[in-house]
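J.: Quick mapping for you: the protein sequence lines, in order, are chains A and B. All you need for this note's numbering is the position in the first sequence, starting with 1, plus 111. All you need for this note's numbering is the position in the second sequence, starting with 1, plus 1255.
Honestly, the hints are just simulated from the structure, not real lab data. Incorrect hints may have been included.
Unchecked claim - In silico DMTMM-like pairs for lysine to aspartate or glutamate, Cα to Cα no more than 25 Å straight-line:
| no. | chain 1 | residue 1 | chain 2 | residue 2 |
| --- | --- | --- | --- | --- |
| 1 | A | Lys-269 | B | Glu-1295 |
| 2 | A | Lys-315 | A | Asp-261 |
| 3 | A | Lys-315 | A | Glu-215 |
| 4 | A | Lys-334 | A | Glu-234 |
| 5 | A | Lys-191 | B | Glu-1295 |
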Amino acid sequence: MTDPQPRPQLTRSRRVIGVVGEVLITLGVLVLLFVVWQLWWTDVLAGRAQAEARGDLQREWTIGSADQQLPPGVAPAYGKAFGLMYVPGLRDRAWGVPIIEGTEHDLLSDGVGHHVGTALPGEPGNFAVAGHRTTYGAPFADIDTLAPGDQVIVETAKGWYVYELRRDRIINYWEGWVLDPVPGEPRDTGPTRELITIYACHPKFSMAQRYVWFGRLVDEYRKSAGTPPAIDRYGGA
Amino acid sequence: MYAWLWQHLPGPTAVRGLLAALLAAIAVVVLFTWGFPWVESHLEYDDTQVPQSQQPEGAAR
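Next comes chain A alone, as it looks inside the complex (with noise of 0.2 Å):
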């Protein structure tokens, strides 16, 4: 064993440069591991209470009787699931996705959140739901690969919702008009038919627009049908 060697003594100066190097580099890890926080993390706890909240209202379907649904007009628990969305179109992400009540950002890690006061899938008005666009789960990353005619299925404990898209639109992200009864009417338009408005931000990472699909209802199953022709042609629930 040698004696450790005399460290050299460095000036004040050099000493002050290699901390604020130190600092500097630190910051640069720091927004490196944001970035893989927010871009793979929340994808994984997206994951985790998505398929929470699925198993626990498939559960509560398969046990339900009559008397827990909801009559209609009722509102559902708020911040709590009450439907499961499939989209054809968007398989990867948004099949069986949990339909939360409300639309907070904190809601929207769990699913994608449905406006309160809109209509609930199958009444009349607009049933209108936002979805993120990039991260957590990103159920709607692909909205802008969806076409006309394709379908958006919405399964609650009473049955099954099959809608159509019908139009898209990208929007400013304060344009509310999207979740009026019936879109692009004046909004004391009553309800007349059963709609559906899905959307989420646009571009991707951008929170300028909306990327806005407005659809119909084309189809209702009772759950005692069984799972409608749609889901089972995509290899089912």
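Here the structure of chain A is known, so what remains is to put chain B in place on it, guided by the hints.
T.: Same frame as chain A, now just chain B:
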């Protein structure tokens, strides 16, 4: 900064290495669990929803 930390870790090099890795892992867990969600709530760049009630009358169609 990191040199100071390294000098204050106890034990031989292998133990110091393990301790340093442990500290880094704890930092990542704390950031992933509390730090980054907090940062994100202040960035609010993926607040997806369009406004429901404060919509101006006759908003652009």
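J.: So, for every hint listed, does it hold in this structure?
T.: Outcome of the hint check:
| no. | hint | in the structure |
| --- | --- | --- |
| 1 | A:Lys-269 with B:Glu-1295 | violated, 37 Å |
| 2 | A:Lys-315 with A:Asp-261 | holds, 21 Å |
| 3 | A:Lys-315 with A:Glu-215 | holds, 19 Å |
| 4 | A:Lys-334 with A:Glu-234 | holds, 16 Å |
| 5 | A:Lys-191 with B:Glu-1295 | holds, 23 Å |
Consistency with the previously given hints fails for number 1 only.
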